[in-house]
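Protein chains: 2
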Amino acid sequence: MTTQNNSYTLGLNKTPANYVPLSPLTFLERAATVYPKHTAVVHGKIRLSWAETYERARRLASALTRRGIVDGDTVAAMLPNIPAMYEAHFGVPMLGAILNTLNTRLDAEAIAFMLQHSEAKVILTDKEFSGVMKRALQMLPQGRKPLVIDVDDPEYTGGGELLGEKTYEDFILEGDPEFEWSMPQDEWKAITLNYTSGTTGNPKGVVYHHRGAYLNAVSNILGWSMPKHSVYLWTLPMFHCNGWCFPWTMAAVIGTNVCLRRIDVRQIYEVIAAEKVTHFCGAPIVHNMLMNAPAEVRALKTHIVEGFIAGAAPPAAIIEGMEKNGFKLTHVYGLTETYGPSVVCEWHDEWDELDATAQSKLKARQGVRNHMLEGLMVANPLNLDPVPHDGETMGEIFMRGNNVMMGYLKNPVATDECFTGDWFHSGDLAVCHPDGYIEIKDRSKDIIISGGENISTIEVEDALYRHPEVLEAAVVARPDEKWGETPCAFVTLKDNAKVTEEELMAFCRTQLAHFKTPRKIIFTSLPKTSTGKIQKFLLREQAKAS
Amino acid sequence: MTTQNNSYTLGLNKTPANYVPLSPLTFLERAATVYPKHTAVVHGKIRLSWAETYERARRLASALTRRGIVDGDTVAAMLPNIPAMYEAHFGVPMLGAILNTLNTRLDAEAIAFMLQHSEAKVILTDKEFSGVMKRALQMLPQGRKPLVIDVDDPEYTGGGELLGEKTYEDFILEGDPEFEWSMPQDEWKAITLNYTSGTTGNPKGVVYHHRGAYLNAVSNILGWSMPKHSVYLWTLPMFHCNGWCFPWTMAAVIGTNVCLRRIDVRQIYEVIAAEKVTHFCGAPIVHNMLMNAPAEVRALKTHIVEGFIAGAAPPAAIIEGMEKNGFKLTHVYGLTETYGPSVVCEWHDEWDELDATAQSKLKARQGVRNHMLEGLMVANPLNLDPVPHDGETMGEIFMRGNNVMMGYLKNPVATDECFTGDWFHSGDLAVCHPDGYIEIKDRSKDIIISGGENISTIEVEDALYRHPEVLEAAVVARPDEKWGETPCAFVTLKDNAKVTEEELMAFCRTQLAHFKTPRKIIFTSLPKTSTGKIQKFLLREQAKAS
Chain A
330 MTTQNNSYTL
340 GLNKTPANYV
350 PLSPLTFLER
360 AATVYPKHTA
370 VVHGKIRLSW
380 AETYERARRL
390 ASALTRRGIV
400 DGDTVAAMLP
410 NIPAMYEAHF
420 GVPMLGAILN
430 TLNTRLDAEA
440 IAFMLQHSEA
450 KVILTDKEFS
460 GVMKRALQML
470 PQGRKPLVID
480 VDDPEYTGGG
490 ELLGEKTYED
500 FILEGDPEFE
510 WSMPQDEWKA
520 ITLNYTSGTT
530 GNPKGVVYHH
540 RGAYLNAVSN
550 ILGWSMPKHS
560 VYLWTLPMFH
570 CNGWCFPWTM
580 AAVIGTNVCL
590 RRIDVRQIYE
600 VIAAEKVTHF
610 CGAPIVHNML
620 MNAPAEVRAL
630 KTHIVEGFIA
640 GAAPPAAIIE
650 GMEKNGFKLT
660 HVYGLTETYG
670 PSVVCEWHDE
680 WDELDATAQS
690 KLKARQGVRN
700 HMLEGLMVAN
710 PLNLDPVPHD
720 GETMGEIFMR
730 GNNVMMGYLK
740 NPVATDECFT
750 GDWFHSGDLA
760 VCHPDGYIEI
770 KDRSKDIIIS
780 GGENISTIEV
790 EDALYRHPEV
800 LEAAVVARPD
810 EKWGETPCAF
820 VTLKDNAKVT
830 EEELMAFCRT
840 QLAHFKTPRK
850 IIFTSLPKTS
860 TGKIQKFLLR
870 EQAKAS
Chain E
330 MTTQNNSYTL
340 GLNKTPANYV
350 PLSPLTFLER
360 AATVYPKHTA
370 VVHGKIRLSW
380 AETYERARRL
390 ASALTRRGIV
400 DGDTVAAMLP
410 NIPAMYEAHF
420 GVPMLGAILN
430 TLNTRLDAEA
440 IAFMLQHSEA
450 KVILTDKEFS
460 GVMKRALQML
470 PQGRKPLVID
480 VDDPEYTGGG
490 ELLGEKTYED
500 FILEGDPEFE
510 WSMPQDEWKA
520 ITLNYTSGTT
530 GNPKGVVYHH
540 RGAYLNAVSN
550 ILGWSMPKHS
560 VYLWTLPMFH
570 CNGWCFPWTM
580 AAVIGTNVCL
590 RRIDVRQIYE
600 VIAAEKVTHF
610 CGAPIVHNML
620 MNAPAEVRAL
630 KTHIVEGFIA
640 GAAPPAAIIE
650 GMEKNGFKLT
660 HVYGLTETYG
670 PSVVCEWHDE
680 WDELDATAQS
690 KLKARQGVRN
700 HMLEGLMVAN
710 PLNLDPVPHD
720 GETMGEIFMR
730 GNNVMMGYLK
740 NPVATDECFT
750 GDWFHSGDLA
760 VCHPDGYIEI
770 KDRSKDIIIS
780 GGENISTIEV
790 EDALYRHPEV
800 LEAAVVARPD
810 EKWGETPCAF
820 VTLKDNAKVT
830 EEELMAFCRT
840 QLAHFKTPRK
850 IIFTSLPKTS
860 TGKIQKFLLR
870 EQAKAS
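Those protein sequences? They're chains A and E, same order as listed.
Residues in the first sequence are numbered from 330 upward in steps of one, following my numbering.
Residues in the second sequence are numbered from 330 upward in steps of one, following my numbering.
Because the hints were derived from the structure by calculation, they are not lab data.
Bear in mind that the values here come from a model prediction, so they are computed numbers and not experimental data.
Check before you lean on any hint, since a few could be wrong.
What the hints assert, rightly or not - Below are the DSSO-like pairs computed for lysine-lysine, each with C-alpha atoms no more than 30 Å apart in a straight line:
| hint | chain 1 | residue 1 | chain 2 | residue 2 |
| --- | --- | --- | --- | --- |
| 1 | E | LYS692 | A | LYS366 |
| 2 | E | LYS557 | A | LYS557 |
| 3 | A | LYS557 | E | LYS739 |
| 4 | A | LYS657 | E | LYS653 |
| 5 | A | LYS343 | E | LYS739 |
| 6 | A | LYS690 | E | LYS366 |
| 7 | A | LYS653 | E | LYS557 |
| 8 | E | LYS343 | A | LYS774 |
| 9 | A | LYS557 | E | LYS690 |
| 10 | E | LYS557 | A | LYS630 |
| 11 | A | LYS692 | E | LYS366 |
| 12 | A | LYS873 | A | LYS823 |
| 13 | A | LYS657 | E | LYS557 |
| 14 | E | LYS653 | A | LYS692 |
| 15 | E | LYS557 | A | LYS605 |
Can you make the complete structure from the sequences, with help from the hints?
As C-alpha cells, then:
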C-alpha cells in the first residue's frame, strides 16, 4: 500500500474566486442581465420583463429590510399564482429571510397555526383570501402583530377587503430598485418553509435550503430537457412545494411564467394557444379536468404541450386520455419533503412501439431517481433491506440526496424519525420492477389487508377509472368480520352516466382478481383536502358506517 | 431591529439522507441503471452500452485498486479520444484517484516533467504515442517506476510498440465488474489534473474538483439546451480541460459519445451522417478545416449540427462560413483554469433579423457568464475596478465561481497570485459592450502598442480572414523606431491563391483604421502548439528579425 498523497489538498483552498454557495437567486440576476427585455411574467394584461421582475424583487427585499426584516425571519404569503407570488420567491430570500407559502385553500385555524408556528413577521395576502386571513389574524396571540401587506390584483374582480397597512404595489415602491442584496454565506441555509397538508394532526413545516432549491431547479430542466425560453403555465400552485421549484427553474431557462389565479379549463386552453405555452404541471385531477373538457374547448389546442403529472398515483386512463388530446405527459413523483418531484418515469424510445394501453401502464409507474436525487429504493422499513426487483414484493420508498429537505421546523423528533437509518422515509408503499422502476401501491396507512392478502387501493382505483363513465374513484378498507378488511369504492360518475353498482363490480371483475374487486360501491362526490388530495380517512369512516 | 431567529438552524443538520457531495460519477451510475442498453460509446466497429461502459469503468477502478492505487494517487493517460479515455474519466475518480490527461502532441521532455510533477503511479498509454512515452519514461529518475498499461486499439493501424506489462483490455479483466466504489466524502476533492500548455516556462497543473466537474457538466447542458440522448462527436480532445467536462455531460444526458482518434475532415462528415451526430466542439482551426472541406465532402451533410466554437477568439468569417454550411454555432470561451468554457455568447432571437455579417460579428463576442459561473467582469487589473460598458475601454477579464479551478498543483505562489483580490485573473484583455457582453481583444502579452494606441491583434486578424484567399492569419507586434511597435501579419493562403502583399494590405485598409493595418505581411505556414494554438512568441522573433 502506498501512503496518501497530500499534494491535492495542500494549498488548494476555497476562496471567493473558486467557491460560491449555490443559490437559485443567481439565476434571476443572470436572466435580468443577459435577457433584460425577455418576458418573464404574464398575468392577464400585465407583462413583466426579466429586468422588471428583478427590479421588483429587489424593491421587495429592500422594502422588507427597511421594515426591520432580517436574515432568518419568516415572510408568509397567502397568494395565488400571480406576479407578487413569483417575486416573493426571490425577493424574500435575497435578504436571507424565509418564504412561507401558505395553502390558500386552508381554513383560518390552520393558517393561524402556521403563522404562529413560523413566527411570521410579514404577511403578503391577496384580497380574495381576506376573509380567512382576517379570522386567522384575530386568532393570533396578543402582542403578535405581523406587518400585513395586501395584494390588490387588478385581475381579481371578486369581493374581499384590504386588511393591512399598504398594498403590495405601494409597499415595493418604498424599496430601492438597486438594492444590494447578497448571495447566502452558506448554501446550507433555509430558503423556504412549506407546511405539509397532513390529513390529521398538526401540519409539519418542511424547510428547504438554497443548495437544494438550486439543484432541484436545475433537475427540472435536465429531467424534462427544457429548452431555453420555455413558456410555463402555472396550473400548479406556487404554494405547493414552491411550485416544485419551477419559479427558480424558469429563471434558469430565461423562460416565461404564465400566471393563473385559478384552474379554469377554458381559460387554460385559451392561454395555452395565446401564449404558446410549452410546459405545465399538475396533479391528476387537473389533467382529468383538461381531458374531460368539452370538445369545443379542446379544439382550441394548436400544438403539443409537455405536462408533468404527479401529486398522487395517476390512473393510467388519464395518461392515455391526455396523450390522445395532444399532451405529452411525463409522470413524476415526490413529496413536499423532496422539493416536489424527485422521481421520474424516464421514457424509453422502444416503448413507443407499444399500444396506448401498454404505454400508459408503463407511464403510470413512478420510475427512477431524477438527476439530483442520489438514492432511491423500495425496502423493508424494519431493516432497510431492499426488496427484490420482482414487481411484486411491496416495501416502503426511501430516498436520499440533495433534494431531501433540511428537516421539519422546530420538530427534531419528527426530523430524526423520518431520517432513521440515513434514508428519508416516504411512507409510501411500492414495488420495484425488474428494470428498477418503482411503482407505488399505496400509502402505508391506505393499504387493505383482506384475508391476509395485501390489496393496493391504487390498483383497484385504476380498474375503476378504466370504465368510460367513471369520473373519479377512491377505494378504502371496510372492516369485515370474515376477511378482516374488504375494498369499498367511492365513485363519482360523469354527467349522464347510467352504470349501476352491479355493472361496475362486474366490470372490475374483468380486470382484477376476485378478492380485489370492491364489495361495495358508493356513488358520491369525493371529499378533498385543499391540495386536491382525496381525504381517505373520511371515506374510511363512511365505509365503516355504511 | 429584531434579533436573529435560530429556528432555521437548530436541529436541521446535514445527514446522509439529505446531503450528498456533488460528483459527476453519479451520472454514470444513473445512466447505466436507467438506460443500460442505450449506446454510450461508438468507436469504429466498437459499440458499448451504458451498462458496459459502467462495468468497464468499475473494472478499471477495481484493477487499479488491486495494484495498490489509492485515494489521492495520480493516474496519467496518454490517449486519444477512445473508449479507454472515456472510461478513465469515471474509473479513476471512482477510487478517489486523480486523472491526469496528457496532451498527446507534447514531446518527451514535457511528458516527463508532468509524470514527475504529478507523481503518476500508473500510465495508460496508446501504442501510437509509444515513441514519445518510451523516451519520457527513460527520463524519469531512478526508482520511479510507474505501472504502464498499453492501449492496443484495434482502430489504430500505424506503428509503435507495447511498453508496459499488460494491455488495457487484459488489465481491466483483472478488475471486478461489480466493484463497490464510493462517492467522494467531500465534493471539494480533486478529480482531475490538466497541465496548461504554456508557450514558455514549465506547465502549471490545474486541479479540478468533483463539485466543479459536476456543475460544469450540468452547465454544458443548460447553456446548449442539450436534450436527452444527444449524440456528441469527439472532435475536441478529452485531454483538453477534460473535454470541457463533456465526458460527464454525456453521462448526465444519457447520450452517445462518438469517438475520433484524429481530426480527419472526410471522416468527420461521414460519421456525422452515419451516427446522426447532434453536437460537437472545437477550436476555430477545426471549424476552419470543416468549412474549407471539398464540396463533395460537405455534401455528405444531412442535418443541422450544433457546434461549440472556442479555444481562441474565432474570426467572424469562420462563424459565418460554418453557418452557411449548415452548422449552428455557439461561441463559448474559457480557460483550462475555468474547466473549459465558462462564458457563452448567448443568442437573442431578434438578432436573427440581422444580415449574416452583422450576426457573425455579434457571435464573435465571447459573451456572458454561463449558468455556473457566478461572476464575470472586465476590470482594471491594478484595482479591480470594472471598466465602463462602452465597448471601447480595455481591461482584463476576471471570473469567479464554482467552475474556477481549486488551484495549481504544488504551486501556492501561482495559485495565490491568480486569485488576488478574490477574483481569478484570466490574463485576457477585453472590452465590455453596453449589453454586458465581453469581447476579447488580446492576450495581455499579445497586444500591440503603436504610437501610444492599443491595437488588438484579433481585430487585425479578423480583417485578414475576411479576404477570400486567406486560410489562416496571425498578427504580432514588430519593433519600430518611430511608432514603438507596428502590426506584422503572418498569413497562410488557400491553394491557388494569387493575392499579393500589397493587395492584401489594401484590402485591410478598407476594413481597418490606417494605423492598425499591417505594415508587413509574410506568407508562410504558422507554427502551432500541440493544442493548435498559434505560437505567437515564435512569430514575434521572426517579425523582429525580418
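Hints versus structure:
For a cut-off of 30 Å, the pair hint linking LYS692 of chain E to LYS366 of chain A stands: about 19 Å separates their Cα positions. Of the pairs offered as hints, the one joining LYS557 of chain E and LYS557 of chain A holds, with about 14 Å between alpha carbons and a cut-off of 30 Å not exceeded. About 41 Å separates the Cα atoms of LYS557 of chain A and LYS739 of chain E, which puts this hinted pair outside 30 Å; it is violated. In summary, the hint linking LYS657 of chain A to LYS653 of chain E is not supported, as the alpha carbons are separated by about 34 Å, beyond the 30 Å threshold.
Between the alpha carbons of LYS343 of chain A and LYS739 of chain E the distance comes to roughly 16 Å, so the proposed pair stays at or under 30 Å and holds. Restraint check for LYS690 of chain A and LYS366 of chain E: satisfied, since their Cα atoms lie roughly 21 Å apart, inside the 30 Å limit. At most 30 Å may separate the alpha-carbon atoms for a hinted pair to count; LYS653 of chain A and LYS557 of chain E meet this at roughly 24 Å. Taking the CA atoms of LYS343 of chain E and LYS774 of chain A, the gap is about 29 Å. The hint holds against a cut of 30 Å.
About 22 Å separates the Cα atoms of LYS557 of chain A and LYS690 of chain E, which keeps this hinted pair within 30 Å; it holds. Our distance criterion of 30 Å between C-alpha atoms is met by LYS557 of chain E and LYS630 of chain A, whose separation comes to about 26 Å. Distance check on the hinted pair: LYS692 of chain A and LYS366 of chain E sit about 19 Å apart at the alpha-carbon level, within 30 Å; holds. At most 30 Å may separate the alpha-carbon atoms for a hinted pair to count; LYS873 of chain A and LYS823 of chain A meet this at roughly 26 Å.
Using a Cα cut-off of 30 Å, the hinted pair LYS657 of chain A and LYS557 of chain E holds, with the two alpha carbons roughly 16 Å apart. Restraint check for LYS653 of chain E and LYS692 of chain A: the C-alpha separation of about 42 Å exceeds 30 Å, so the hint is violated. As the CA atoms of LYS557 of chain E and LYS605 of chain A are separated by approximately 23 Å, the hinted pair is consistent with the 30 Å bound.
In summary, the structure is inconsistent with hints 3, 4 and 14 from the numbered list given earlier, while agreeing with the others.
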